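J.: Could you put the whole structure together from the sequences, leaning on the hints where they help?
Residue numbers (the working numbering), protein chains in the order written: chain G, 175 to 597; chain D, 13 to 197.
Hints are not guaranteed to be accurate.
List time: in silico DSS-like cross-link candidates among lysine-lysine, alpha-carbon distance up to 27 Å [to be verified]: (1) Lys246/G / Lys354/G; (2) Lys292/G / Lys185/G; (3) Lys54/D / Lys182/G; (4) Lys354/G / Lys182/G; (5) Lys292/G / Lys182/G; (6) Lys521/G / Lys356/G; (7) Lys433/G / Lys182/G; (8) Lys182/G / Lys571/G; (9) Lys520/G / Lys572/G; (10) Lys246/G / Lys185/G; (11) Lys249/G / Lys182/G; (12) Lys54/D / Lys292/G; (13) Lys54/D / Lys197/G; (14) Lys354/G / Lys292/G; (15) Lys185/G / Lys140/D; (16) Lys292/G / Lys176/D; (17) Lys54/D / Lys185/G; (18) Lys87/D / Lys54/D; (19) Lys356/G / Lys522/G; (20) Lys54/D / Lys194/G; (21) Lys246/G / Lys194/G.
Which stretches of chain G does chain D cover? Using the computed rule of at least three CB atoms under 8 Å from a CB of chain D, they are [to be verified]: (22) 279-292; (23) 305-314; (24) 318-326; (25) 413-421.
Among the chain G residues that face chain D by a calculated CB cut under 8 Å, a handful are [said to hold, decoys possible]: (26) Asp189; (27) Gly205; (28) Asp225; (29) Arg229; (30) Val445.
Quick caveat, the hints were computed from the structure, so don't treat them as lab data.
Computed from a predicted structure; not experimentally measured.
Here a beta-carbon is modelled for each residue, glycine too, at the ideal position from N, C-alpha and C.
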Amino acid sequence: MVSGGVSKFAKARPDATFQKMVKEAFDHALGDVPRLKTDRIDGSVASYFSDHFTRQLMAGIMATDYLGLCPKPNKRIEGGGATGGLCFQAAWESVASGRMNCCVAFGFETMSRVQTWKGNEFIALASDVNFDYPVGGFYSGYYAMMVNRHIHEFGTTLEQMAMVSVKNHGNACFNPYAQKRKRITVQDVRNAEMVAYPLTLLDICVMSDGAAVCILADEETAFQLTDRPVRITGVGTGTDMMRMADRPRGKVILAPNEKESDYRNLTYPGVHSFRAGRSAALQAYRMAGITDPLREIDFVELHDAYTSSEIQTYEDLALCRYGGGGRFIEEGHPFLPRIDYGMKLKKKGTIPVNPSGGLIACGHPVGATGLMQAVFAFWQIQGTIGRHFGSGELQLKKAERGLIHSHAGTGTYVTVSILERGW
Amino acid sequence: MSKKRARLTKPTAQHRDPGLEEVMTGTTVFNVPFPADLSTLKGMSPLVIRFPYSVEYLHSYGQDSPFFAGLANRKLLGTRCGPCQYTYATPRLHCPACGRETDWTELPQQGRVHTFTTCYYGSEEFLKETPFHLILVEFDGVDTLLLARLIGVSGPEEIRIEMKVKAKFRRNSQLKTTDVYFVPA
Numbered sequence: 175m176v177s178g179g180v181s182k183f184a185k186a187r188p189d190a191t192f193q194k195m196v197k198e199a200f201d202h203a204l205g206d207v208p209r210l211k212t213d214r215i216d217g218s219v220a221s222y223f224s225d226h227f228t229r230q231l232m233a234g235i236m237a238t239d240y241l242g243l244c245p246k247p248n249k250r251i252e253g254g255g256a257t258g259g260l261c262f263q264a265a266w267e268s269v270a271s272g273r274m275n276c277c278v279a280f281g282f283e284t285m286s287r288v289q290t291w292k293g294n295e296f297i298a299l300a301s302d303v304n305f306d307y308p309v310g311g312f313y314s315g316y317y318a319m320m321v322n323r324h325i326h327e328f329g330t331t332l333e334q335m336a337m338v339s340v341k342n343h344g345n346a347c348f349n350p351y352a353q354k355r356k357r358i359t360v361q362d363v364r365n366a367e368m369v370a371y372p373l374t375l376l377d378i379c380v381m382s383d384g385a386a387v388c389i390l391a392d393e394e395t396a397f398q399l400t401d402r403p404v405r406i407t408g409v410g411t412g413t414d415m416m417r418m419a420d421r422p423r424g425k426v427i428l429a430p431n432e433k434e435s436d437y438r439n440l441t442y443p444g445v446h447s448f449r450a451g452r453s454a455a456l457q458a459y460r461m462a463g464i465t466d467p468l469r470e471i472d473f474v475e476l477h478d479a480y481t482s483s484e485i486q487t488y489e490d491l492a493l494c495r496y497g498g499g500g501r502f503i504e505e506g507h508p509f510l511p512r513i514d515y516g517m518k519l520k521k522k523g524t525i526p527v528n529p530s531g532g533l534i535a536c537g538h539p540v541g542a543t544g545l546m547q548a549v550f551a552f553w554q555i556q557g558t559i560g561r562h563f564g565s566g567e568l569q570l571k572k573a574e575r576g577l578i579h580s581h582a583g584t585g586t587y588v589t590v591s592i593l594e595r596g597w
Numbered sequence: 013m014s015k016k017r018a019r020l021t022k023p024t025a026q027h028r029d030p031g032l033e034e035v036m037t038g039t040t041v042f043n044v045p046f047p048a049d050l051s052t053l054k055g056m057s058p059l060v061i062r063f064p065y066s067v068e069y070l071h072s073y074g075q076d077s078p079f080f081a082g083l084a085n086r087k088l089l090g091t092r093c094g095p096c097q098y099t100y101a102t103p104r105l106h107c108p109a110c111g112r113e114t115d116w117t118e119l120p121q122q123g124r125v126h127t128f129t130t131c132y133y134g135s136e137e138f139l140k141e142t143p144f145h146l147i148l149v150e151f152d153g154v155d156t157l158l159l160a161r162l163i164g165v166s167g168p169e170e171i172r173i174e175m176k177v178k179a180k181f182r183r184n185s186q187l188k189t190t191d192v193y194f195v196p197a
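T.: Right under this line is the structure:
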């Protein structure tokens, strides 16, 4: 990866069409690699989730032509909430296969075009419309059911979930691109309006308008364009059955740092865990040669559409054992070491998770989200957070290897990619 | 014939000065301020129009149709893969484990709450029904679950994982999965 750019994420961007938002992110990325002229770009991949939100079919080509990337190759990638992560990997595939020397991944979503309840309906259409949508028709309800089972299996607490929100909102205070930048407390989260028990308004990410761009190149091209490219050393993609009701109850897929005796009485994944997340992580770890993720990865940008799914994802990524996610946040491990969150934390900063503020605070313009995570991770590894955010509070001292994680519909598609210092 | 031709060739107002008929539907604007100096246009506020959109689908349940016919007859149907000895509470006509076709089988009408939530907010279509309770139901001897509404409780504090529930059916079928719902047993 040689460069990245994002637009400012906002509740609504009536001042710009989706093409213009993508152009902002694209120019942002090009601005960081002045040696890259557009004639060196071999093609692009488009990422956006919902034709309903866009109210425009073939929006991908319209963004491609606005960027001036015709007649080069382009295609659209779509996979719900993981669309951005899948697009990032599709761009990687274009370069890794040798088809392109330089490929642009761009993503966007225009969620402000309908009211929030209509947006929730569009999102819920990404659940089985014969068996699931007519009953619940609400993704927050689906995730609430998942975490209630997690609570039942493992004793996860609502306060532990709230700590995720405190952390991510707190981090976003120093990220100028984030949609929500405010300091909150555990009590604020629990006192917020109940959406789907036990998830409150502050346990859930917000709809957003925004765009993000990543530029990937092969090694030779990368070093011609920048002195500090980031190497993509592992990619993994997992899937699971659309209906939560159909998920099997079998054995845990073991990570290298786990053994069967860790999980004697646990049926897996049930509805409490994301098998696709575990599967994606293990593929990426194998490819990158990671056997002890907690120690071998410096930071994580993961898909925290819900505070609960961040906790569930710590476990899928084997940062802790299944069932240990609540305690993992309570002890402070995923907090940033230098930020004051207004609470006492015993083991702060073991592995910062969502230093950018994550989806909960940055916003979740679906097609842009997975690419936004890649851009923030890229800047962390380059050590350019200070320059990009206007202040260095979120820059980690050690950020040589990061993990990005993108996730769709109750864990149906999950991608994990490993990014490392490439120079 | 000659009359018609005469009408077609008769010069109309449109022929003399072509233009669309003025309408007063949708977004109708009478005076839009506009600057004399075009260089100030980039600072103008964006224009937002309303765009209603509705579709009627002819949606087939295909091979899953017997499930819905069953609900209309107060029967809860799942499917079973004989070779895998695996029963699906939410029907699938093919077993994802072995790829073979499954067989229809009747499910028990009593089960337990596997997990639950109460939705206080929702999609536009269901907003008027909030708060409503969702449960995944598990049945003895059945390997997968069924998503359904739970009726007859007032809030999440009255729902417990593993509590017993029984199926009830709408008297007038709507051929939707909500034709079956559950109440505390």
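J.: For every hint, state whether the structure bears it out.
T.: Outcome of the hint check:
1. Lys246/G / Lys354/G: violated, 37 Å
2. Lys292/G / Lys185/G: holds, 15 Å
3. Lys54/D / Lys182/G: holds, 19 Å
4. Lys354/G / Lys182/G: holds, 11 Å
5. Lys292/G / Lys182/G: Holds. Lys292/G to Lys182/G sits at ~23 Å (cutoff 27 Å).
6. Lys521/G / Lys356/G: Judged against 27 Å, a Cα distance of about 24 Å means the pair holds.
7. Lys433/G / Lys182/G: violated, 44 Å
8. Lys182/G / Lys571/G: Roughly 25 Å between the alpha carbons, so the hint for Lys182/G and Lys571/G holds.
9. Lys520/G / Lys572/G: holds, 20 Å
10. Lys246/G / Lys185/G: Violated, because 33 Å separates the two Cα atoms, which is more than 27 Å.
11. Lys249/G / Lys182/G: holds, 25 Å
12. Lys54/D / Lys292/G: violated, 31 Å
13. Lys54/D / Lys197/G: Holds. Lys54/D to Lys197/G sits at ~16 Å (cutoff 27 Å).
14. Lys354/G / Lys292/G: holds, 21 Å
15. Lys185/G / Lys140/D: holds, 25 Å
16. Lys292/G / Lys176/D: Answer violated: Lys292/G to Lys176/D is near 34 Å, above 27 Å.
17. Lys54/D / Lys185/G: Given that 27 Å is the threshold and the Cα spacing comes to 22 Å, the pair holds.
18. Lys87/D / Lys54/D: violated, 64 Å
19. Lys356/G / Lys522/G: holds, 20 Å
20. Lys54/D / Lys194/G: holds, 13 Å
21. Lys246/G / Lys194/G: holds, 19 Å
22. 279-292: It holds: at least three residues are needed, and the region 279-292 of chain G offers 3 whose Cβ sits within less than 8 Å of chain D.
23. 305-314: holds (count 8)
24. 318-326: Holds, because 6 residues of the region 318-326 of chain G bring their Cβ atoms closer than 8 Å to Cβ atoms of chain D.
25. 413-421: With 6 residues in contact (Cβ-Cβ under 8 Å with chain D), the coverage given for the region 413-421 of chain G holds.
26. Asp189: holds, 5 Å
27. Gly205: violated, 20 Å
28. Asp225: violated, 11 Å
29. Arg229: holds, 7 Å
30. Val445: holds, 6 Å
Checked against the numbered hints given earlier, this structure breaks hints 1, 7, 10, 12, 16, 18, 27, 28; the rest are met.
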